[in-house]
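So the chains spell out like this:
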Amino acid sequence: MPVITMREAIDQAIREEMHRQPELVLLGQDIGAYGGTFGVYRGLFEEFGPERVRDGPLCESATVGFGIGLAISGVRAVVEVEFMDFTTFAMDQIVNQAAKMHYFTGGQLTVPLVIRTPIVSRMGMGPQHSQSLEAWFMHVPGLKIAIPSNAYDAKGLLKTALRDPNPVLFIENVRLYGAKTEVPESDYCIPLGQARVLRSGSDVTLVAISAAVPEGLAAAEELEQEGIAVEVIDPRSLNPFDTATLADSLRKTGRMVITHDACRTCGVAAEISQRMMEEAFDYLNAPITRITGLDVPTPSGYLHSTVVPDKSRIADAIRSLMN
Amino acid sequence: MIATTDRTLNSLLGLYNQMVMIRAFEESAIELFAKGLITGSTHPCIGQEAIPVGACSALDPNDLVLATYRGHGAAIAKGSPPKYLMAELLTRTTGCCKGRGGSMHLCDKERGLLGTNAIVAAHIPIAGGVALSSRLRKSRQVVLCFFGDGASCEGEFFETLNMSALWKLPLVFICENNGYAISVPTSKSQATPDIADRARGFGIPAISIDGNDLLEVQARTATAVAHARRGDGPFMIECKTVRWERHSAFSAGRYDNPDEAQRWRKVDPIPRFAKKLLVMGAPPEQLSAEEAAARATIQEAVDFALNSPLPTPESVSEGIYADHGT
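Sequence lines, in order, name chains S and C. When we follow our numbering, the leftmost residue of the first sequence carries the number 1, and every step to the right adds one. When we follow our numbering, the leftmost residue of the second sequence carries the number 1001, and every step to the right adds one.
Because the hints were derived from the structure by calculation, they are not lab data. Where hints are given, some of them may not hold.
Going by beta-carbon spacing under 8 Å, a handful of chain C positions derived as facing chain S [to be verified]:
1. 1096
2. 1109
3. 1129
4. 1312
Straight-line distance between alpha carbons at most 20 Å, and here's what the computed SDA-like set of lysine to any residue pairs gives [stated by the list, open to error]:
5. S:252 with S:322
6. C:1109 with S:76
7. C:1168 with S:49
8. S:159 with C:1323
9. C:1138 with S:159
10. C:1138 with S:50
11. C:1168 with S:51
12. C:1138 with S:29
13. C:1276 with C:1259
14. C:1138 with S:48
15. C:1083 with S:107
16. C:1138 with S:21
17. C:1138 with S:304
18. C:1138 with S:58
19. C:1109 with S:159
20. C:1168 with S:29
21. C:1109 with S:165
22. C:1168 with S:57
23. C:1138 with S:33
24. C:1168 with S:52
25. C:1138 with S:51
26. C:1168 with S:55
27. S:159 with C:1324
28. C:1168 with S:58
29. C:1138 with S:57
30. C:1109 with S:110
31. C:1109 with S:301
32. C:1168 with S:50
33. C:1138 with S:23
34. C:1083 with S:108
35. S:159 with C:1322
Please read all numbers here as calculations on a predicted model, not as lab measurements. For glycine and all other residues, C-beta sits at the position ideal for the given N, C-alpha and C.
Put together the whole structure using the sequences plus the hints.
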C-alpha cells in the first residue's frame, strides 16, 4: 500500500471526487496554479482548469457565501480558508447561513459544502495565525466537523464529507500535513462520528485531537516503558461525535486525560469531560484531566511552544493520575 | 411609457393585482402581529410594492430570486402562493418552510425563490454563488438579488460587487433604498446620495430610479436582465422608495420628520399605477374587481394559515441535517 503524506491524501481525495462528481468546484485564494497557501492542491488546476479550480479575491466571507450559493443551486463546492483564524471573517456565512439553511427552509435547500481550513499551531506565526477554534463550531447545530490527525483518516473522512448533503467543516493541521501513513489508492470512506482507537491500553484513556494526537501517541509510548498502558483515541469528528467509543474506553480504564492545542476554557475537552460524567461517572477512578493550550493569545516566535501541550506535559499528567 | 404600449392591459392588471395582494398581505401581517398570532417580528414592505412586482415581472419563470427579511413582496411577486407564505408567518406546518423560518425566512425553491434572509447583506454573496452556478450549469438563469440601503454599507456587498464584476456573472442587484435604517436616515449613514455609485466603482453599470413607478422598475429591470443573460455581467438598479411602516412590527416607530408620512402617501405606488392604467384604457370597474380579488386571496390565505396546525414540540429537532440522497 502506498505511504503518502496527509497533504497528498487530501489532494487525492479531492482529485478522485472531482472525477466522480463532474460538477464539484473548488474556491479559495491562491488555489490555482499556486496550489493553495500550504500547497495541498497539486496539479488540480492543470487537470481541471480555472472554471473548477477557481482562484478568487481575498474575501473569506463572500467566498464562503459563494460556496453556499453554489451548493443550494446544485453545484457542490469546496472552499479553502487559508488559516483557521480567518474563518472569523466568514462566521456569519458558516454559522448563520450554511449551518441553519436546511432547517429554516423546511428542508427545501441543502448545503453540500465543504469548508477546508488548517490550524496553524506550533509554527510560531503569532496570535492571529495560530488558533484552534474548533470548539466555536462544535457549538453550532447544523454544521458537521471532521478533524483528522493522519493521512489515512484524512482521505476517508474527506471523501465522506464530499458526498454529504450537509455543510462540513474539515479542519486540517499544518503541523500534520507532512506526516505519512499507508493510504489505499482505492475508494474508501470513513463515516463521520466514529472515533478511532489508535492504541489499546487498560490503565488510562487519552483522548487527543488534531496535532495533539502525535504528541499523545509519543507520550503513550514513553509511558509503556514505565508499565503504564495508555489507550489513545482520536475522535476524528466533532459533529457527529462518537461519545460511545470514549465512554466504553473509560469504563475499561477508569481514567481519562483529554488533550488539544485549543485554549482550555470552553474547549472541546470540557464538553467531552461532561459527556463522560453523564455516561460513565460511576466508573471514574480519578477526575478527568484536561491538558490543553493555555488561555493566552499565542505569542509569536520563541514563546509559542510554551502555549500548546507537548509529549512531556501529557505524560506528566498521566503519571500523576496513576499515582 | 412607450415601453408599455405593446404589453397587454391584462398582464398589467395582473401586476396591479399583485401589488394590492402585497399591500393586503402586509396589512394582515401587522394585524396578526398586534393580536400576538405572529411572534418574533415581521417587516412590512408597504409603500415599496412596485419594486418586487416590477422587477420580478421582467424575469423568465426559471430565473432565481434572493431577497431580504423585508421580502414578503418579493415572494408574492415571484409567484409563491400567499397562503403558504402567510402560514409561514404564523409558523404553521403548512408554511412554505414548515413553520421553521417564519416571517424573515421565506423560501419557495420550486418557484425560484431561494430564500429571504434575516442577516443584512448575507444573501448577497449567496446570490453571487447562485449566479456562478447558473453559469457553470449553463442554465441561462439570471439571479435577482434584492437588498436594502443598509446592506449597501456591509462588506459582503462590496465583496460581491467585486467578484460578480470580475467573473461577469448573470446577477442583477436591485437596491430597495427606502431611506431609513430602524431610525437613522440614509443622509446620516451613506457617504454619497446614490448607492448606485458604488457599483460603478467596480465597473458595473448602475442606475438610480424612482422605485415607486412600477413600469419604470419593470423596464429598467428588463434591460438589466437582458444584459446579464447575454453574458455581459452584473447590473445594478437602485430603486428609491419609502417605507411607510416602522422598520418592523417589533420596533418603535419614530422617524426624524413626522410630516414625512404625509409626503410618502403622495407617492404611493398603487394609486399611481392605477391612474396610469385608467389612462391606458382600463375600465375602473376592472381595477375595483382586481382589488377585491387580491384582497379576497389574502383573506383566504389568512384563514388557511389560522386553520393550519402548529408544529408539535417533538418535531423541533427534525430536519437539522439533510439525509443522503436528497
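With a cut-off of 20 Å on the C-alpha distance, tell me whether residue 1168 of chain C and residue 29 of chain S pass.
Holds. Residue 1168 of chain C to residue 29 of chain S sits at ~18 Å (cutoff 20 Å).
Is residue 1109 of chain C close enough to residue 165 of chain S, meaning Cα to Cα at most 20 Å?
holds, 17 Å
Residue 1083 of chain C and residue 107 of chain S: Cα distance at most 20 Å?
holds, 19 Å
Take a quick look at whether residue 1138 of chain C and residue 58 of chain S sit within 20 Å of each other, Cα to Cα.
Violated, at roughly 26 Å.
Are the Cα atoms of residue 1109 of chain C and residue 159 of chain S separated by 20 Å or less?
It is violated: about 28 Å lies between the C-alpha atoms, which goes past 20 Å.
Within 20 Å, alpha carbon to alpha carbon, are residue 159 of chain S and residue 1322 of chain C?
Cα-Cα ~17 Å, so holds.
Is the hinted pair residue 1276 of chain C and residue 1259 of chain C satisfied, with a Cα-Cα distance of at most 20 Å?
Violated: residue 1276 of chain C and residue 1259 of chain C sit about 27 Å apart, past 20 Å.
If you take the shortest Cβ to Cβ gap from residue 1096 of chain C to chain S, is it below 8 Å?
holds, 7 Å
Given the hint that residue 1138 of chain C pairs with residue 159 of chain S, test it: the Cα-Cα distance must not exceed 20 Å.
Outside the cut-off at roughly 27 Å; violated.
Under 8 Å is the threshold here; is the Cβ of residue 1312 of chain C close enough to any Cβ of chain S for the hint to stand?
Violated: closest Cβ of chain S sits about 15 Å from residue 1312 of chain C, beyond 8 Å.
For residue 1138 of chain C and residue 51 of chain S, compute the direct alpha-carbon distance and say whether it is at most 20 Å.
With a Cα-Cα distance of about 12 Å, the restraint between residue 1138 of chain C and residue 51 of chain S holds, given a limit of 20 Å.
For the pair supplied as a hint, residue 1138 of chain C and residue 29 of chain S, confirm whether the alpha-carbon distance does not exceed 20 Å.
Violated - the C-alpha atoms of residue 29 of chain S and residue 1138 of chain C are around 24 Å apart, more than 20 Å.
Going through the hint list in order, the structure does not satisfy hints 4, 9, 12, 13, 17, 18, 19, 23, 29 and 31.
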